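J.: Now for the letters of each chain:
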Amino acid sequence: SQTIHQWPATLVQPVGSPLSLECTVEGTSNPNLYWYRQAAGRGLQLLFYSVGIGQISSEVPQNLSASRPQDRQFILSSKKLLLSDSGFYLCAWTSGQGGYGYTFGSGTRLTVV
Amino acid sequence: AQSVTQLDSQVPVFEEAPVELRCNYSSSVSVYLFWYVQYPNQGLQLLLKYLSGSTLVKGINGFEAEFNKSQTSFHLRKPSVHISDTAEYFCAVTRVDYGQNFVFGPGTRLSVLP
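If you read the protein sequences in the order shown, they are chains A and B. Under our numbering, the first residue of the first sequence is numbered 1, with each subsequent residue one higher. Under our numbering, the first residue of the second sequence is numbered 1, with each subsequent residue one higher.
These aren't lab readings, by the way, just hints derived from the structure by calculation. Treat the numbers as computed from the prediction; the structure is a model and nothing was measured. The beta carbon of each residue, even a glycine, is placed where N, CA and C say it ideally should be. Treat the hints with caution; some may be incorrect.
[As the list claims (entries may be wrong)] Covered, in the sense of this in silico footprint (three residues per stretch, anywhere, with C-beta under 8 Å from a C-beta of chain B), are these stretches of chain A:
| id | segment |
| --- | --- |
| 1 | 17–27 |
| 2 | 62–75 |
| 3 | 102–108 |
[What the hints assert, rightly or not] Ranges of calculated distance between the beta carbons of each label pair, as one might list FRET restraints:
| id | chain 1 | residue 1 | chain 2 | residue 2 | range |
| --- | --- | --- | --- | --- | --- |
| 4 | A | Ser1 | B | Lys69 | 30 to 36 Å |
| 5 | A | Gly43 | B | Gln100 | 16 to 22 Å |
| 6 | A | Gly16 | B | Ser80 | 28 to 34 Å |
| 7 | A | Ser106 | B | Arg109 | 30 to 36 Å |
| 8 | B | Thr72 | A | Thr10 | 17 to 23 Å |
| 9 | B | Thr5 | A | Glu59 | 40 to 46 Å |
| 10 | B | Ala1 | A | Ser17 | 42 to 48 Å |
| 11 | B | Leu51 | A | Gln13 | 14 to 20 Å |
| 12 | B | Pro18 | A | Ser57 | 39 to 45 Å |
| 13 | B | Ser84 | A | Val15 | 34 to 40 Å |
| 14 | B | Ser26 | A | Trp7 | 20 to 26 Å |
| 15 | A | Pro18 | B | Ala1 | 33 to 39 Å |
[Claimed, not checked] Calculated lysine to any residue pairs in the SDA-like style (CA-CA distance at most 25 Å, straight line):
| id | chain 1 | residue 1 | chain 2 | residue 2 |
| --- | --- | --- | --- | --- |
| 16 | B | Lys49 | A | Ile75 |
| 17 | B | Lys58 | A | Gly99 |
| 18 | B | Lys49 | A | Gln45 |
| 19 | B | Lys58 | A | Gln2 |
| 20 | B | Lys69 | A | Gly99 |
| 21 | B | Lys49 | A | Asn30 |
| 22 | B | Lys49 | A | Gly99 |
| 23 | B | Lys58 | A | Ser1 |
| 24 | B | Lys58 | A | Gln97 |
| 25 | B | Lys49 | A | Arg42 |
| 26 | B | Lys49 | A | Gly16 |
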């Protein structure tokens, strides 16, 4: 069966520090991968998605970047965090066939101080 | 492009009462429809989905939803809620012909009161 792993679960980082969040999927190949962010009390904001290795699409101009170095690995990064980067970050995958639906990771709570 | 509206940002309801969470969508092409639930500090979990066939779909935890094409709605219902149903609920759509990116609604916070 397919599983998705996301870590760390919580992270407290000072302003100006770098960021690296990792997401990996097991049990499938060539998944579509997504990074979402939830600000406190708000809905889901799509940040990046990837349909293949090295293919990254950005939905929102921001202080973040994403990379997909391997088929089932998706990384969210920042060189210098801002206070506004605080939030709950979610990784998700789907097979590319819409009826399958998204499967989400357990999320990372990022607090920038 | 598709869009999803969840008119109720918050729905308080007493335990064992019925509840309906509303979802309306807009799309010029055929879509698949989904409901997800998010418990505090957790990822989203699929409750149910409509792909085709019967317009009444049943999901986990006693929830069901009815697809109404003429009203472009996909409302979520439960006949009797429990305290444990307190969570955020998201409606989502994706195109049948290009199902890569989903469009999510803003979410409805269901609070079940004792």
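J.: Each hint: holds or not?
T.: Hints versus structure:
1. 17–27: Answer violated; 0 residues pass the 8 Å Cβ test.
2. 62–75: violated (count 0)
3. 102–108: With 6 residues close enough to chain B, the hint holds.
4. A:Ser1 with B:Lys69: 30 to 36 Å: Since serine 1 (chain A) and lysine 69 (chain B) have Cβ atoms about 33 Å apart, the given range 30 to 36 Å holds.
5. A:Gly43 with B:Gln100: 16 to 22 Å: 20 Å, holds
6. A:Gly16 with B:Ser80: 28 to 34 Å: At 51 Å between Cβs, range violated.
7. A:Ser106 with B:Arg109: 30 to 36 Å: With a Cβ separation near 20 Å, serine 106 (chain A) and arginine 109 (chain B) fall outside 30 to 36 Å, so the hint is violated.
8. B:Thr72 with A:Thr10: 17 to 23 Å: 39 Å, violated
9. B:Thr5 with A:Glu59: 40 to 46 Å: 20 Å, violated
10. B:Ala1 with A:Ser17: 42 to 48 Å: Roughly 37 Å apart at Cβ, these two residues miss the hinted range, so it is violated.
11. B:Leu51 with A:Gln13: 14 to 20 Å: 41 Å, violated
12. B:Pro18 with A:Ser57: 39 to 45 Å: At 41 Å between Cβs, range holds.
13. B:Ser84 with A:Val15: 34 to 40 Å: 38 Å, holds
14. B:Ser26 with A:Trp7: 20 to 26 Å: Between serine 26 (chain B) and tryptophan 7 (chain A), where Cβ atoms are some 37 Å apart, the hint is violated.
15. A:Pro18 with B:Ala1: 33 to 39 Å: Holds: the Cβ-Cβ distance is about 35 Å, inside 33 to 39 Å.
16. B:Lys49 with A:Ile75: Violated, at roughly 29 Å.
17. B:Lys58 with A:Gly99: Roughly 16 Å separates the two Cα atoms, so the pair holds.
18. B:Lys49 with A:Gln45: With a Cα-Cα distance of about 21 Å, the restraint between lysine 49 (chain B) and glutamine 45 (chain A) holds, given a limit of 25 Å.
19. B:Lys58 with A:Gln2: OK: lysine 58 (chain B) and glutamine 2 (chain A) at ~23 Å, within 25 Å.
20. B:Lys69 with A:Gly99: With a Cα-Cα distance of about 17 Å, the restraint between lysine 69 (chain B) and glycine 99 (chain A) holds, given a limit of 25 Å.
21. B:Lys49 with A:Asn30: 23 Å, holds
22. B:Lys49 with A:Gly99: 8 Å, holds
23. B:Lys58 with A:Ser1: Satisfied, since the Cα-Cα distance of roughly 23 Å is no more than 25 Å.
24. B:Lys58 with A:Gln97: 21 Å, holds
25. B:Lys49 with A:Arg42: 23 Å, holds
26. B:Lys49 with A:Gly16: 42 Å, violated
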